[in-house]
Amino acid sequence: MIAIIDYGVGNLFSLQSSLKYIGQDVEVTSDPEKIEAADRIILPGVGAYEDAARKLRESGMADLVMEQAKAGKPLMGICLGMQLLFEKSFEYGEHEGLGLIKGSVVPIRDVVSEDYKIPHIGWNALRFKGRAAEGQEPLFKYTKEGDHVYFVHSFYATDCADSTIASTEYGAELTAAVADGKIYGCQFHPEKSGKVGLNILRAFCEL
Amino acid sequence: MITKRIIPCLDVKDGRVVKGTKFKDLNDVSSPVELAKFYTEAGADELVFYDITASSDGRKLFTEILTETASNVFIPLTVGGGISTIEDFDRVLKCGADKVSVNSGAIRNPSIIGEAARLYGDQCVVISADVALIDGVYRVFAKGARENTGMEAIDWIKRCVDMGAGEVVVNSIDTDGVKKGFDIPLLKKVCEAVNVPVIASGGAGCIQDFIDLFTEIPDIDAGLAASIFHFREVEIADLKDAMAKAGIPARI
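Residue numbers (my numbering), protein chains in the order written: chain A, 1 to 207; chain B, 208 to 459.
The set of hints was computed from the structure by calculation and includes no laboratory data. Hints should not be assumed to be uniformly reliable.
Keeping only pairs whose Cα atoms sit at most 30 Å apart, straight-line, the calculated DSS-like set for lysine-lysine is [unchecked claim]:
{"hint": "1", "chain 1": "B", "residue 1": "LYS452", "chain 2": "A", "residue 2": "LYS144"}
{"hint": "2", "chain 1": "B", "residue 1": "LYS350", "chain 2": "B", "residue 2": "LYS267"}
{"hint": "3", "chain 1": "B", "residue 1": "LYS396", "chain 2": "B", "residue 2": "LYS452"}
{"hint": "4", "chain 1": "B", "residue 1": "LYS244", "chain 2": "B", "residue 2": "LYS301"}
{"hint": "5", "chain 1": "A", "residue 1": "LYS102", "chain 2": "A", "residue 2": "LYS141"}
{"hint": "6", "chain 1": "A", "residue 1": "LYS144", "chain 2": "B", "residue 2": "LYS244"}
{"hint": "7", "chain 1": "A", "residue 1": "LYS182", "chain 2": "A", "residue 2": "LYS34"}
{"hint": "8", "chain 1": "A", "residue 1": "LYS55", "chain 2": "A", "residue 2": "LYS70"}
{"hint": "9", "chain 1": "A", "residue 1": "LYS195", "chain 2": "B", "residue 2": "LYS244"}
{"hint": "10", "chain 1": "A", "residue 1": "LYS141", "chain 2": "B", "residue 2": "LYS244"}
{"hint": "11", "chain 1": "A", "residue 1": "LYS20", "chain 2": "B", "residue 2": "LYS244"}
{"hint": "12", "chain 1": "B", "residue 1": "LYS267", "chain 2": "A", "residue 2": "LYS20"}
{"hint": "13", "chain 1": "A", "residue 1": "LYS20", "chain 2": "B", "residue 2": "LYS301"}
{"hint": "14", "chain 1": "B", "residue 1": "LYS301", "chain 2": "A", "residue 2": "LYS34"}
{"hint": "15", "chain 1": "B", "residue 1": "LYS301", "chain 2": "A", "residue 2": "LYS55"}
{"hint": "16", "chain 1": "B", "residue 1": "LYS350", "chain 2": "B", "residue 2": "LYS387"}
{"hint": "17", "chain 1": "A", "residue 1": "LYS20", "chain 2": "B", "residue 2": "LYS220"}
{"hint": "18", "chain 1": "B", "residue 1": "LYS301", "chain 2": "A", "residue 2": "LYS195"}
{"hint": "19", "chain 1": "B", "residue 1": "LYS452", "chain 2": "A", "residue 2": "LYS195"}
{"hint": "20", "chain 1": "B", "residue 1": "LYS452", "chain 2": "B", "residue 2": "LYS220"}
From the structure, some residues in chain B lie toward chain A, with a derived Cβ separation under 8 Å [as the list claims (entries may be wrong)]:
{"hint": "21", "residue": "THR247"}
{"hint": "22", "residue": "ALA249"}
{"hint": "23", "residue": "ASP252"}
{"hint": "24", "residue": "SER278"}
{"hint": "25", "residue": "LYS301"}
{"hint": "26", "residue": "TRP363"}
{"hint": "27", "residue": "ASP369"}
{"hint": "28", "residue": "MET370"}
{"hint": "29", "residue": "ALA400"}
{"hint": "30", "residue": "ASN402"}
{"hint": "31", "residue": "ILE424"}
All C-beta atoms, glycine included, are put in the ideal place defined by N, C-alpha and C.
All chains should be built: construct the whole structure from the sequences, respecting the hints.
Okay, structure coming up:
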């Protein structure tokens with residue numbers, strides 16, 4: 001069973017539907033017993049970093065997710081959920097994340113000229129990095145370099161070269177996916193990325 | 208590089224897809240869920256569902272259809288039509304919409320834009336504007352393009368973006384249904400005025416119209432159309448091929 005962490009942030013309908021669609025048993029939950037019993041965990045999230053980080057802590061989910069990930073259970077953070085895996089974010093202030101992956105989250109505008117619109121919304125191509133570039137990344141076993149995925153974000157993860165497994169080009173090279181052991185983060189939305197996205201979720205379910 | 212999006216729009220009334228020419232003379236085309244699946248397979252980058260129902264029965268049917276679509280189609284879905292309160296945002300987002308487009312609702316109550324942007328994020332709030340050139344000035348129309356609000360269109364769109372709209376759909380009343388191409392002068396003005404994604408709507412009649420749009424306005428993000436896709440006058444796969452051949456970034 002896959003547990004989608006419910007901490008009162010964002011719309012989980014599509015994520016849940018996409019996992020059901022690929023034949024997975026899925027539960028949106030904040031029940032520690034169910035999360036402990038799950039085979040893998042997805043940390044979703046949209047909206048503001050500060051608010052999401054606070055809700056994640058207040059709900060007790062932060063500690064639980066960290067504990068489960070450190071014990072080796074596959075974890076995937078999606079979009080803001082991915083950004084929460086990092087040490088900190090500079091989204092309107094400075095906010096502490098879970099620190100499961102080294103690096104921080106900064107405005108795209110810091111590295112991208114005014115010629116580019118923010119948010120970065122739309123379909124963009126994946127460029128494989130690190131272990132993915134060596135063909136060693138199980139998350140991308142059904143994915144080709146250059147495949148398009150759907151992004152919606154105004155902030156991106158930086159100082160994370162060691163964990164980056166994919167980037168995308170938008171006036172600068174933006175982090176698209178990271179991995180550290182079985183802890184994964186996707187800046188894009190696999191549940192909104194058509195067949196390519198469903199295949200990334202499928203590969204995650206086979207980890 | 209980010210690709211230019213091709214977006215079929217499905218106007219839904221009483222559970223069926225309809226498309227009016229110049230917003231009148233509706234005729235039934237097909238089932239929304241089947242069409243959505245068909246377009247996704249064909250390579251559509253996003254879908255817009257527009258609820259043109261007025262009755263509460265029709266609205267319930269619409270949310271059911273939206274739920275069924277979002278359970279089977281995994282590309283971004285934008286929902287519009289009759290959105291005027293935060294409850295409306297909430298209702299369609301819970302059914303699987305990713306973005307919500309407001310039109311007349313924002314004209315009546317502009318503060319809904321900022322409120323929704325704070326609650327759901329800028330990326331979720333799309334301002335859709337029906338625009339016509341009246342005596343040399345672009346004006347915003349309300350109520351399904353029937354009522355001239357007197358507001359200058361570019362100012363209105365800028366104001367909406369300043370309040371938190373993360374995307375703009377510009378529907379030219381002058382070119383809608385005419386099938387002679389998008390309203391390039393209007394769209395150019397909008398693209399110069401705002402720094403969020405702009406979606407062109409109204410006027411596409413053939414593949415070349417999309418090529419002209421993306422070539423003449425490199426800043427435009429997407430082209431939206433309805434009837435030419437519904438009647439299969441333009442196949443999305445052919446359109447994407449033609450875009451790629453013309454050097455326009457396309458997801459194939």
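Tested hints:
A hinted pair counts as satisfied when its Cα atoms are at most 30 Å apart, and LYS452(B) with LYS144(A) qualifies at roughly 22 Å. Distance check on the hinted pair: LYS350(B) and LYS267(B) sit about 21 Å apart at the alpha-carbon level, within 30 Å; holds. As the CA atoms of LYS396(B) and LYS452(B) are separated by approximately 27 Å, the hinted pair is consistent with the 30 Å bound. Taking the CA atoms of LYS244(B) and LYS301(B), the gap is about 20 Å. The hint holds against a cut of 30 Å.
For the hint pairing LYS102(A) with LYS141(A), the CA-to-CA distance comes to about 24 Å; that is within 30 Å, so the pair holds. Only pairs whose Cα atoms come within 30 Å are accepted, and LYS144(A) paired with LYS244(B) is accepted, the gap being roughly 23 Å. Distance check on the hinted pair: LYS182(A) and LYS34(A) sit about 19 Å apart at the alpha-carbon level, within 30 Å; holds. Pair hint LYS55(A) plus LYS70(A) holds up; C-alpha atoms about 21 Å apart against a cutoff of 30 Å.
Proximity of LYS195(A) to LYS244(B) is assessed by CA-CA distance (about 12 Å); at most 30 Å being required, the pair is judged to hold. Proximity of LYS141(A) to LYS244(B) is assessed by CA-CA distance (about 25 Å); at most 30 Å being required, the pair is judged to hold. A hinted pair counts as satisfied when its Cα atoms are at most 30 Å apart, and LYS20(A) with LYS244(B) qualifies at roughly 17 Å. A hinted pair counts as satisfied when its Cα atoms are at most 30 Å apart, and LYS267(B) with LYS20(A) qualifies at roughly 24 Å.
As the CA atoms of LYS20(A) and LYS301(B) are separated by approximately 17 Å, the hinted pair is consistent with the 30 Å bound. With a C-alpha separation of about 23 Å, the suggested pair LYS301(B) and LYS34(A) falls inside the 30 Å cut-off, and the hint holds. Distance hint between LYS301(B) and LYS55(A) is fulfilled; the C-alpha atoms sit about 20 Å from each other, no more than 30 Å. Annotation: proposed proximity of LYS350(B) to LYS387(B) holds, straight-line Cα distance about 25 Å (limit 30 Å).
Taking the CA atoms of LYS20(A) and LYS220(B), the gap is about 29 Å. The hint holds against a cut of 30 Å. Distance hint between LYS301(B) and LYS195(A) is fulfilled; the C-alpha atoms sit about 23 Å from each other, no more than 30 Å. Proximity of LYS452(B) to LYS195(A) is assessed by CA-CA distance (about 23 Å); at most 30 Å being required, the pair is judged to hold. For the suggested pair LYS452(B) and LYS220(B), the alpha carbons sit about 37 Å apart, so the restraint of at most 30 Å is broken.
Evaluation of the THR247(B) hint against chain A yields a held restraint, the C-beta minimum of about 7 Å falling below 8 Å. Checking ALA249(B) against chain A: minimum C-beta separation of about 11 Å lies over 8 Å; hint violated. The interface hint given for ASP252(B) is met, as the beta carbon of that residue sits about 6 Å from the closest beta carbon of chain A, less than 8 Å. Here the hint on SER278(B) is kept, as its CB sits about 5 Å from the closest CB of chain A, short of 8 Å.
The criterion of a C-beta within 8 Å of any C-beta in chain A is met by LYS301(B), whose closest approach is roughly 7 Å, and the hint holds. Below 8 Å, beta-carbon pairs count as interface contacts, and TRP363(B) has none with chain A, the closest being about 19 Å; its hint is therefore violated. Annotation: ASP369(B) was flagged as interfacial toward chain A, and the flag is violated, the nearest CB pair being 14 Å apart, outside 8 Å. Restraint check, MET370(B) versus chain A: the minimum CB separation of about 16 Å is more than 8 Å; hint violated.
At a threshold of 8 Å, the smallest CB-CB gap from ALA400(B) to chain A is about 13 Å, leaving the interface hint violated. For ASN402(B), the interface hint holds, the least distance from its beta-carbon to any beta-carbon of chain A being 5 Å, beneath 8 Å. Taking 8 Å as the C-beta cut-off, the interface hint given for ILE424(B) is violated, the closest approach to chain A being about 13 Å.
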